[in-house]
Amino acid sequence: MITFEHVTYTYPGAQRPVLKDLNLEIADGEFVLVVGKSGAGKSTLLRCINGLVPHFYGGTISGTIRVQGLDPVRCQPRGMSTTVGFVFQDPEAQFVVDTVEAELAFAMENHALPQATMRKRIEEVLDQLSIAHLRDRRINTLSGGEKQRVAIASVLTLEPKILVLDEPTSQLDPQAAEEVLTALQKLNTDLGLTIVLSEHRLERVVQYADRIIYLPGEGQPPIEGAPQDVLPQLDLVPPLIKLGKALGWKPLPLTVKDARRKALELPLRPAPLTERCARSSDAPVEILVEDLWYAYDGHMALKGVHLEIRRGEFVAIMGRNGSGKTTLLKHLVGLLRPRRGAVQVHGMDTRRVPLEEIISVVGYVPQNPNALLFAETVREELAFTRRSHGLPLEGGEALLEPLGLADHAERYPRDLSVGERQRVSLAAILAAEPLIILLDEPTRGLDYAQKQALMRALRAEQSKGHTVILATHDVELVAASADRVIILGDGEVVVDGSVREVMTHSLIFSSQMNKLFRDDRYLTVEDVLGSLS
Amino acid sequence: MERQPYFEYASGYRQAEPVCTLAWLIWGLSAAVVTLLIRNPLYLAIIALASWFVYLAVGRGSSLAQSWGGLIKLGAVIWLFAVPFNALMLHQGEHVLFRLPLTWPLVGGAITLEAVLYGLTSGFALWVLLLVFSSFNVAVDASQLLRLLPPFLYQAGVVTSIALTFIPQMLASAKEIREAQQVRGHRFRSWRDFLPLVVPLLTTGLERAIQLAESMESRGFGGQLTGLSPRQANGLRFAMLLGLALLLCGLFLRTYWASAPLVGTWVMIVAGLLLGYVFYLFGRGVRRSHYRRTRWSRADTLVALASAVVLGGVLFVRARERLALAYYPFPPYGFVPAFNPWIGSLLILLALPGFWGLWDQIRAEPMLTRPRKKDVL
Chain A
1 MITFEHVTYT
11 YPGAQRPVLK
21 DLNLEIADGE
31 FVLVVGKSGA
41 GKSTLLRCIN
51 GLVPHFYGGT
61 ISGTIRVQGL
71 DPVRCQPRGM
81 STTVGFVFQD
91 PEAQFVVDTV
101 EAELAFAMEN
111 HALPQATMRK
121 RIEEVLDQLS
131 IAHLRDRRIN
141 TLSGGEKQRV
151 AIASVLTLEP
161 KILVLDEPTS
171 QLDPQAAEEV
181 LTALQKLNTD
191 LGLTIVLSEH
201 RLERVVQYAD
211 RIIYLPGEGQ
221 PPIEGAPQDV
231 LPQLDLVPPL
241 IKLGKALGWK
251 PLPLTVKDAR
261 RKALELPLRP
271 APLTERCARS
281 SDAPVEILVE
291 DLWYAYDGHM
301 ALKGVHLEIR
311 RGEFVAIMGR
321 NGSGKTTLLK
331 HLVGLLRPRR
341 GAVQVHGMDT
351 RRVPLEEIIS
361 VVGYVPQNPN
371 ALLFAETVRE
381 ELAFTRRSHG
391 LPLEGGEALL
401 EPLGLADHAE
411 RYPRDLSVGE
421 RQRVSLAAIL
431 AAEPLIILLD
441 EPTRGLDYAQ
451 KQALMRALRA
461 EQSKGHTVIL
471 ATHDVELVAA
481 SADRVIILGD
491 GEVVVDGSVR
501 EVMTHSLIFS
511 SQMNKLFRDD
521 RYLTVEDVLG
531 SLS
Chain B
534 MERQPYFEYA
544 SGYRQAEPVC
554 TLAWLIWGLS
564 AAVVTLLIRN
574 PLYLAIIALA
584 SWFVYLAVGR
594 GSSLAQSWGG
604 LIKLGAVIWL
614 FAVPFNALML
624 HQGEHVLFRL
634 PLTWPLVGGA
644 ITLEAVLYGL
654 TSGFALWVLL
664 LVFSSFNVAV
674 DASQLLRLLP
684 PFLYQAGVVT
694 SIALTFIPQM
704 LASAKEIREA
714 QQVRGHRFRS
724 WRDFLPLVVP
734 LLTTGLERAI
744 QLAESMESRG
754 FGGQLTGLSP
764 RQANGLRFAM
774 LLGLALLLCG
784 LFLRTYWASA
794 PLVGTWVMIV
804 AGLLLGYVFY
814 LFGRGVRRSH
824 YRRTRWSRAD
834 TLVALASAVV
844 LGGVLFVRAR
854 ERLALAYYPF
864 PPYGFVPAFN
874 PWIGSLLILL
884 ALPGFWGLWD
894 QIRAEPMLTR
904 PRKKDVL
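Quick note, the sequences are listed as chains A and B, same order. To convert, note that position 116 of the first sequence is 116 in our numbering; the numbers rise steadily by one, no gaps. To convert, note that position 172 of the second sequence is 705 in our numbering; the numbers rise steadily by one, no gaps.
Be a bit skeptical, because a hint or two may be false.
Pulled a few chain A residues facing chain B out of the computed Cβ check, cut under 7 Å [stated by the list, open to error]:
hint, residue
1, Thr83
2, Phe86
3, Gln94
4, Ala105
5, Ala112
Keep in mind that the hints were calculated from the coordinates and are not lab data. In this text, a Cβ means the ideal position worked out from N, Cα and C, and glycines have one as well.
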């Protein structure tokens, strides 16, 4: 049992508490989903359960927290480690040793458990998480999903009663996320483990949860209850729930399977298929990739890629982690030069033209916005880019308003939320006025509102005739915004076509609406609502 | 229909029974000390070949093999620098290649063939030393070495090992940040242009360190489980301080009381024994378990014995005849290094882990995996 009674917590130096007079109860064996906007206090709440807050972060805390009868504030994370297992967002950042078996033994060795006990428990968790085949592997050779399952296994060896996970699938492709969530569901069902998980992409996890705790932020009390009861009260929800709410379905369907029966009864009016933004065959070719091969340390990352992207297109590049998406984007901006084959960007051959010329037309927002941000204020970040490109300083500020950053112009960028930082890094790149915009996983850690803001900004760029290319796992974002999808698999272009065509014929890279209707006319909720007679 | 093989063979062979970490440590120490004691290029060449052979037979299949080339390249660069450095600094010798003006400080004077050869040999010795370390590195990984530490030093060892793994991570971050800023048009014009690179690097490193620390503490790291009472632990800490103070006193006496150097030596010996005993008691008091205990096999005995014989033999030769292992191209000695077949044969023993790995691979049967009976026509 986890109980929070009148818990108020304020980070050091903060003006307002992030958790205010919070009262909560989580019963043994529950699967609880903690949701809320970025900065609403989800991670703080989770860290209170094992004492990382306030032990690690300082600040002031009041009220009472009890976890299986223990006080995490008094016991500290070390003392709570046999009761609460904690899994973090970034699987890379939580490993201590370099092989799977040694990582699993790490926590037990810290507790000086007998060797026989360790052997038994390691065998058990390897089987529970279906990772027995990975036991001798080095961690840096594992895929994202495998790493996250190893991270879960590494805390389960202490046989905790509670497993807390802070956005464990945010960096994973849909298939890897499914592997992790299925494993969690099994642990919850078979072992009765209490699971407390925070996640932004509700469409991935909502069907597994017994209960949702929604944190509205600003110190307001949480909304709690069964998913069917809480979801109707939230503004930003997955497409399936949005459709159910719009059509007044009761109870709200949480899975595509639940919704299918009701969807079949819908009086949909057959509408002619229209492409969201037809690829204009007379628009000039902006990017031409011919037979591109590239290898890192002997690993072939790209294998004979051919691509043609025309001016004004909005292209999504999808594929599993490690399929070559980032490598391809780096070729398009000239950071990597083809070993074999050729890349032409805006008529420039990237093998022959210096980087300075390429970046005058191409902007690249990397996966990690923190790699860009260094200045004292958001305004200075934009000014730096414009100065570096020899542009007048005053032009960049017009970007702040459409990206929802006008109120943050004088703030230190690293103090902003993940979504705001992502938008600052986008603004810092757009400040150079590029004709081609490349974005690498821009929606990691963003909530629905922040994703919509990002999408609007990118759509606005496209409407100016700029070409937008984004590498992403976010199928709903792609369904709502892209015109064309390219799926990479093991360094090769596996599929290249219009978003409707590709999503309809894909099992993994398809939106909820598309899975529901299996019809290329329905990618988004708006498509469905528009077809209702 | 394409005919499928009845069995699918794995790309490698069954893993050889591995030499344990302690035996590798003895091998590495022996090879490194011997390399430091020898300057004769012919003997050094034998050590280099032995280390290379060990790498080919044992290390090449290791998952750490990718790191092998780095130290070797570093050694080659140091070797290249050693030649001009010695040639410019040492002006002895009869075979003058050319002369630099005597008015030039340090480097002025004759540049001789002897000095060039001496530089080549010195650089070669450093390169061989790094080759030995490289082969050792690919055969043993850091986490295995950590397990050899006494329990009370384990946490310090983990922290050191994490600090070392942070270096490549920081380099990767630095590359990522440099690329991101390059694309933004960043160029170096003044010292202020370092800020876009340094600030994100520091903050990213700090954030990563915090995440790792959170993960470690959440899994019980940081609290030393000890069977010692607070009073016993304090007593041992006091004894440790006493031992360190005695060690310093001994060092002081040995350095400044020249008339009786043995007094200082004896004080240092007593301090060393005291510290050793304190560490032993600390180690016994700390409760810590190991998931995998290493087993000492026949291969380990052979490797450890061979390494000890090589080290003992080289120390014996050096004690008997100091110049037997040296190479000195300056007069009155010649350019051609001396070679004693017995010493050469002794050094070949350093290749034993390689022979063992090779023998185990040869006798191992190909590994059969995944029978594919269905595919048989």
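Q.
Under 7 Å is the threshold here; is the Cβ of phenylalanine 86 (chain A) close enough to any Cβ of chain B for the hint to stand?
A. holds, 4 Å
Q | Restraint outcome when threonine 83 (chain A) is required to lie within 7 Å of chain B by C-beta distance | A | Result: violated, 11 Å to nearest chain B Cβ.
Q) Taking the closest Cβ pair, is glutamine 94 (chain A) under 7 Å from chain B? A) Where the cut-off is 7 Å and the nearest Cβ of chain B is about 4 Å from glutamine 94 (chain A), the hint holds.
(Q) Checking hints one by one. Is alanine 105 (chain A) an interface residue toward chain B, by the C-beta closer than 7 Å rule? (A) holds, 4 Å
Q: Verify the interface restraint on alanine 112 (chain A): the C-beta must sit less than 7 Å from at least one C-beta of chain B.
A: Given a least distance of 4 Å, the restraint on alanine 112 (chain A) holds.
Checked against the numbered hints above, the structure breaks only hint 1 and satisfies the rest.
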